[in-house]
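If you want the building blocks of each chain, they are given just below.
Number of protein chains: 2
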Amino acid sequence: MARFMDVHHGMRGITEDQLRQAHDADLAIQQEEGVDFRQAWADPESGTVYCLSEAPSADAVQRIHERTGHKADEIHEVPLAV
Amino acid sequence: MARFMDVHHGMRGITEDQLRQAHDADLAIQQEEGVDFRQAWADPESGTVYCLSEAPSADAVQRIHERTGHKADEIHEVPLAV
Chain A
1 MARFMDVHHG MRGITEDQLR QAHDADLAIQ QEEGVDFRQA WADPESGTVY CLSEAPSADA
61 VQRIHERTGH KADEIHEVPL AV
Chain B
101 MARFMDVHHG MRGITEDQLR QAHDADLAIQ QEEGVDFRQA WADPESGTVY CLSEAPSADA
161 VQRIHERTGH KADEIHEVPL AV
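Protein chains in written order, with the numbering used here: chain A, 1 to 82; chain B, 101 to 182.
Please note that the accuracy of each hint is not assured.
As the list claims (entries may be wrong) - Far from chain B, some chain A residues (derived; all Cβ distances over 12 Å):
id: 1; residue: 3
id: 2; residue: 15
id: 3; residue: 16
id: 4; residue: 19
id: 5; residue: 29
id: 6; residue: 43
id: 7; residue: 47
id: 8; residue: 57
id: 9; residue: 60
id: 10; residue: 71
id: 11; residue: 77
As the list claims (entries may be wrong) - Quick partial rundown of chain B residues pointing at chain A, CB under 7 Å, derived from the structure:
id: 12; residue: 101
id: 13; residue: 102
id: 14; residue: 108
id: 15; residue: 116
id: 16; residue: 120
id: 17; residue: 127
id: 18; residue: 136
id: 19; residue: 142
id: 20; residue: 146
id: 21; residue: 150
id: 22; residue: 177
id: 23; residue: 178
id: 24; residue: 180
Stated by the list, open to error - Quick look at which bits of chain A chain B covers, simulated, 3 or more residues with Cβ under 8 Å:
id: 25; stretch: 30-36
id: 26; stretch: 63-70
Since the hints were made in silico from the structure, they are not lab data.
Note that the Cβ used here is the ideal one computed from N, Cα and C, for glycine as well.
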């Protein structure tokens with residue numbers, strides 16, 4: 001499976017609970033697209049959220065994020081990791 | 101310690117070896133600034149590289165990256181993680 005980093009902008013002031021709820025909403029339906037959201041990090045000051053996942057495609061990642069109401073602004077396949 | 105995600109743009113075509121060398125160069129001197137680079141991911145197509153670290157400050161992260169020749173284009177503190 002491919003590895004992706006997707007980026008959300010515009011989430012200024014996001015709280016730990018909101019991040020947890022958004023992540024849990026993705027986890028609840030991810031298997032319907034064969035996606036595995038591994039981790040998410042958030043910067044409440046700039047409103048930037050990064051999500052690391054493994055998935056069949058970037059579109060599959062976006063379909064899950066759309067259904068849970070937080071579409072990604074960027075999705076990058078990141079085949080290289082150290 | 102604070103947690104940071106820094107982002108490099110303009111690394112189109114980066115190879116696994118180049119990513120490994122850049123990361124190893126950071127690891128070799130990181131303790132001089134109390135930085136701990138945990139992981140890095142790269143998208144050779146868009147030239148985007150993400151580095152996750154724990155550090156005393158964003159400046160400390162940038163000082164290490166500058167000394168190893170690959171200054172970050174963005175550095176976000178990411179206090180929230182799931």
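Quiz item: Quick check: which numbered hints come out false for this structure?
Solution: The structure conflicts with hints 1, 2, 3, 4, 6, 7, 11, 12, 13, 14, 17, 18, 25 and 26, although it agrees with all the remaining ones.
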